[in-house]
Structure formats: C-alpha cells, structure tokens
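Chains as they are written, first to last, in my numbering: chain A, 5 to 581; chain B, 21 to 193.
Simulated from the structure, these hints should not be mistaken for lab results. Some hints could be false.
[Stated by the list, open to error] Pairs of lysine-lysine, BS3-like flavour, derived with a Cα cap of 27 Å:
(1) B:K61 x A:K330
(2) A:K314 x B:K83
(3) A:K206 x B:K90
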Amino acid sequence: METQTTVASKTKASKTVHISGAEAVIKCLLEEGVDLIYGYPGGAIMPIYDELYKYQDKLQHVLTRHEQGATHSAQGFARVTGKVGVAMATSGPGATNLITGIADAQIDSTPMVCITGQVWKHLLGSDAFQETDIVGISTPVTKWNYQITDASEIPEVMAKAFYIARSGRPGPVLIDITKNAQVETFDFEYEKCTSVRSYKAKPKVDKNQLKAAAKLINAAKKPLIVFGQGVILGEAEAEFKAFIEKAGIPSAWTILGLSALPTDHPLNVGMVGMHGNYGPNKLTNECDVLIAIGMRFDDRVTGNLDSYAKQAKVIHFEIDPAEVDKNVKADVAVLGDVKDTLSEIFSMIDTNVHTDWHQEFKDYDKIEYDKVIKNDLYPSKDGLTMGEVLKEINNASNGDAVIVSDVGQHQMIACRYAKFNQSKSNVTSGGLGTMGFALPAAIGAKMGVPNREVVAIIGDGGYQMTIQELGTIFQTRVPVKIVVLNNEFLGMVRQWQQLFFDKRYASTELINPDFITIAKGYHIDAKKVTKREDLAAAVEEMMASKDAYFLEVAVEKEDNVFPMIPSGASVSDIRLS
Amino acid sequence: MEKERTYTISVYTENNIGLLNRLSAIFLKRHINIESMTVSKSEIDDVHRFTFVVNISETQARKIIGQIEKQIEVIRAFYHTDDEVIYQESALFKISTEHLYDEEIQDKLKFRRANIITITEHYFVIESSGSKSEIDKLYDRLKPYGLMQFVRSGRIAITRPKMAISELLQEFN
Chain A
5 METQTTVASK TKASKTVHIS GAEAVIKCLL EEGVDLIYGY PGGAIMPIYD
55 ELYKYQDKLQ HVLTRHEQGA THSAQGFARV TGKVGVAMAT SGPGATNLIT
105 GIADAQIDST PMVCITGQVW KHLLGSDAFQ ETDIVGISTP VTKWNYQITD
155 ASEIPEVMAK AFYIARSGRP GPVLIDITKN AQVETFDFEY EKCTSVRSYK
205 AKPKVDKNQL KAAAKLINAA KKPLIVFGQG VILGEAEAEF KAFIEKAGIP
255 SAWTILGLSA LPTDHPLNVG MVGMHGNYGP NKLTNECDVL IAIGMRFDDR
305 VTGNLDSYAK QAKVIHFEID PAEVDKNVKA DVAVLGDVKD TLSEIFSMID
355 TNVHTDWHQE FKDYDKIEYD KVIKNDLYPS KDGLTMGEVL KEINNASNGD
405 AVIVSDVGQH QMIACRYAKF NQSKSNVTSG GLGTMGFALP AAIGAKMGVP
455 NREVVAIIGD GGYQMTIQEL GTIFQTRVPV KIVVLNNEFL GMVRQWQQLF
505 FDKRYASTEL INPDFITIAK GYHIDAKKVT KREDLAAAVE EMMASKDAYF
555 LEVAVEKEDN VFPMIPSGAS VSDIRLS
Chain B
21 MEKERTYTIS VYTENNIGLL NRLSAIFLKR HINIESMTVS KSEIDDVHRF
71 TFVVNISETQ ARKIIGQIEK QIEVIRAFYH TDDEVIYQES ALFKISTEHL
121 YDEEIQDKLK FRRANIITIT EHYFVIESSG SKSEIDKLYD RLKPYGLMQF
171 VRSGRIAITR PKMAISELLQ EFN
C-alpha cells in the first residue's frame, strides 16, 4: 500500500524485533489490548494459529463451531464491553462464512476486526484451493477492508484496522493476509494509529446548530426524544440522562437504544417502531419537536415516511453526516459525537417538566396495558405466553442481566418487556435481523462481562440456525443461560401469514427435535416447562445455576405480537389487535 | 417523483486497490446505472480522481455523495450538473481504407474537428473529442462507411465551482 505511510498518523513506537508476519499479527492484537478472539483454523491461516499456540497464555482463542458463530460472539463481546471484537478464519469458505456477521456488525455499527487467511500471493487469481475474493465480497458490508500481501504491511494496516473499527461510527473491518505474508520475517515495530488523512472520525461540532436546536427545544410544548445506539456507542448515557432530566422530555428508544436509559426511569416512555409502545408511536405524530439522538430513522421505526412526524420540527443529533436527511429531513442537524453535543447543549436548555404532555403518554400506556400488556404478562388462558417468561426472568434478574435476543416474535417480546438497570445490556440483531445471532452472541457477551448474568432468549427457529455453538459452550464452560421460547413455528412470519396472507402458513411450521436431549448431549443442564405453575421455579433454578443452563418453554403456538404497525402503514395506524 | 438529470460526480481519493469496487458498490446497492467512469491522477500529488456520470435525482445525488464520502479513503466528493462543468469525451473510429479518399468523409471530419491519427493499407483511425451528443452525431455520420471498431471514453470534467481539496487535506492533517 504505497500511500499507507503518508496517510496514517501514529504514536508510541515499540522497539524493533525481527519476527514472522504471523507472530506480528499476534503482537498487533496484544498491542491493541486484545486478550480474547473467536475463530476457526484452516490451511491458509495456520501460521497465525501456530503463533496463537505459543501465545495462549496472553491471548485466549475460542474455537466456535462455525465461522458465523465467531463473528456473532465477537459482536456480543463488543456490544457489552464497548471494545473491538475480533474474529479469525481461514480463506475461502472460512472467510465467506464470516459475511453474515460482518453485515450485521456494519448495519448495527459494531466495532469488529476480522482477520482472514488467504492463499499465497503468487496463487492469487489462480482459483487455488480455498481461494476466494473475500476483499471483493466483503467490500459492501465493511467499514474498511484490506489485503496484506507483504509481511511488512502488517503493523500499519492492523493499527489502522483497529482505529477505524472503533472510532467515529464504529463498524467492521476485514484484513485478509496472504500466506506468504504470514511466514515471511521482517523488522516489526508497532505504532498505534491515531488518525487517517482521508477519514474524519467525528464531525466538528457547530455551535450555531447547537443554539438552533436549543431554541427549538426551549420553545417546544410537546417535545419527544427518540434515542438510539449512538448514546451507548458514544458512552453518553450520563450526558443523555442529565439532558432529558433538565428538559423534562419524554424519551423513547429504538431497539438498539434499549438499556441506555433504565427501564424504570420516569422519562422512559418505551419503544418506538413496528412493535413498539402505543404512546410513543401515536404521539410521534402529535409532538411539535422530534429530537432524534444517535439513531437513523430505520423504516421499522418510522413506518410510512410520508406520514411520519410531518407536523414536527426535527432535530437530529448524529455522528454520521450520511445519516442526516437520509430518511427524515432534519430542520436542525447537530453533527458530532452525542457525548460532546449533549454535554454542550446542557447549559443552553431551560428546565421544564411538560406535565400535561407526559399525561398523554400515560393515557396511552393505560390503553396498551389493558388491551395488550396485561394479557401478555398475566394471561388468563391456559397456554404460556412469551411475555410471562420475560416477567419471570425480570423477577429473577432484578433487571441486572444482559439479555441477548435472536430475531422474531420472542425478540420483540424480550425488548418490550425485559427490564434493564444499566447500559450495554441489550444485545440483539437490530438492523440486519440475523436469525441465529443470539446463541453465539451470548457466548461473547458472557465472556465480555463474566461477572454479569447473561440470558439468551431465542426462538425455536433461530436456535437451530447456530445450535452447534452448544459445542463451544460445552468446551469453554461459559455459563450462559439459554431460554428457547418454543412455539413450533417461525412465529413472526406465521404472524404475517395470519394477518396479511389469509393464514396460508407456507413453510413456517417446524417439526422440532428434542431440544433437551440435544442440550444433554453437550452435557448442559436442561429443563422443559410446559405448565404455568412450573415456570417461576424453573427460571429461578436456571438463574441460580453456576453453569450453563438450557431452559425450553413451550409457549402458545399461535400468539401474536402487538401493538403492530403493519408494514408500510403510518405510526398513527398502530394496531392493538 | 423528483426529476432525474445528468450529474457528474467527482471523487478525490487516496490511491488504493479495491476503492473502485467500493465506490461502484454504492451505485449498485441503489440500483443506479453508471453511464461512464474515468479514473486519473488529480492536481494533487498522490490524490486520485474518479469521475462518474449518472442520471439520478438531486436527492439521490446528495445521498450518494454522503455514502461516498463515508468511505475511509475518500477525501471529498462533489456532484455537479452539466451547466457547472466543462467536460469532454474522446472517441476512436476504425474505418476501412477504401473510404479514405471519399470527399464526403473528409468534410464530415472537418466539420467535427476530428483527426485521422493512423493510416494503414487496410484501415485508418479517426479521433474526436467533444460532448456525448457531438460524438453520437459523428458516429451516425460515419456508420454508413462500416465501422470496423468504435470506442468512446468516459467523461472527463473540470468544474466551474472551486473544489478546495488542498485546503481540505490541510484540515484533515
């Protein structure tokens, strides 16, 4: 890379040693503070694995059962720690198996570095065994990627990879390393990257925009905040809380913003979007100022854009300039890291309480409670609901657990009902909607915060997409708690089929194996609950366990998740049944 | 539907393998056809310049610039209408030598400020520069003589408004 030296600034040179490219990769990881990586070996990355063997006292490698699992574990680790997750794979199929996790990390802004082995430089383009153009394949789903073909490039490229993955709006970076670059020796010296010429991690904060935003906020009679993961990624939870408490503004969250504000905070008015709460969705179209903070107006949040908050002035606090005016036109765009912008705007904001406006949310909450929540959490029918399982988990965790959810009905129920006291506690695949995410992500999350309880909540469909990671749990003894909410259906698709396709249940019914036997095959304690009276005790037993634990709950087969904004409808048209 | 028009998108970048793929993927993801594309060095050492021509709405153009500028190795991107750029395309026509002394063809070349750059026993090659429509006109006039080969370059464009890349690079550093 001829321009590499001119475009990246660096700090702190370490002393020079003459080593192989493979050993250099390990040293780079150690320099970046990495002590845990997930991966799967193979021919083209064997020299690096050989070095991992030598460095195993400093750098733990977790062998997942599939490369996709390695990426999701790295993502789970990154989401709960805020650090860069690292996944490693060999060339060809090893590398292509990373793609789903990389795409997931890209759309959910998760810092991750993936390292792939590649065939020898002289074999590139020869369709060699396990050769694939992973740089080409991963380009649209990475924040940055690069192919190293010479060992001497390793320190600079690795330093740049970590800097890019974690700075600004975080994202995944893939570094592909040809086998010759792993075995060649060179004089290694490491310098951390602190800037890249053509890359501005954070836009400059414009005081005039802050003033314009403050003016709108101070004049607002019915302001509504919608916050996203930007608050968590910017570690701006304290600044955010101080801001909303001073301004007295009802604050709703996107699925990835969840846990940035404690569940029981009086200004927390719930989730926006397709299966969000009734009040914040309805009132999106009644507020006079909509303040979006670290979120990107996903279509699952906005519904039909033509009837989304048209009456409101929109203020958008955002780190990524490409997100401004992408889906919703901002009247005021406050560019910058929300940690900086929220702390700067604090002194410009008037103290307020908006009592009458809050009452409108409470009135809608009452309607939603009577029509939906009561039946979800305290059902009068025989069949178990997903909601009551969440209620029992809340009772046992007191809101201190990390909840990792997969994708589908159970995910919406988990996000709607799980209680959180602290940030970085909700791990889910929001943007990409990757079924199979939760089990490996929970492994990474538990390893990232070993002192916290980590509960994976998974449907019977998604569970079987990465069920092989039970092997990783067994081998590493990582004590994750796994809850499968089994309705013997691909529930969310079935719900759409019921509501919009006249109950034509095309390929959504699952004939499932005996999940208890499978868990036991991996020597994981397992229990199945089919009756309400056994549920609380089973959840308590699971939470009390010091080891990994599998709990299957047979839930009502054809329950639906409400409220619901039908696809393409307005947030105002949110349905309660 | 917002009106589509022709935009020249100029992208100043670092010189890295794979960047073309990264940029073209941005158009592909939005199902936008690239009418033409040229890559060259720019007025600044070590800085390359991509010139894309696309038919899109201004909203699309603005969003695409946002996505392009987000790429790590992109220094800055701009979009301009045809009124805001001075642009040229270049074309080569290969024609059988039997038509070389045809007076009509000589007139057509004079009219178009086209030049004959090679003559051999069997064929001769005509070069012409201009806008796409000008080259299209010449193409239509030469077609009856039987084009043995035809090729046209992508658009190259200089903008009327300033593109202050050197200052920007200072700011980055």
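Checked hints:
no. : hint           : in the structure
1   : B:K61 x A:K330 : 31 Å, violated
2   : A:K314 x B:K83 : 21 Å, holds
3   : A:K206 x B:K90 : 11 Å, holds
When held up to the earlier numbered hints, the structure conflicts with hint 1 and nothing else.
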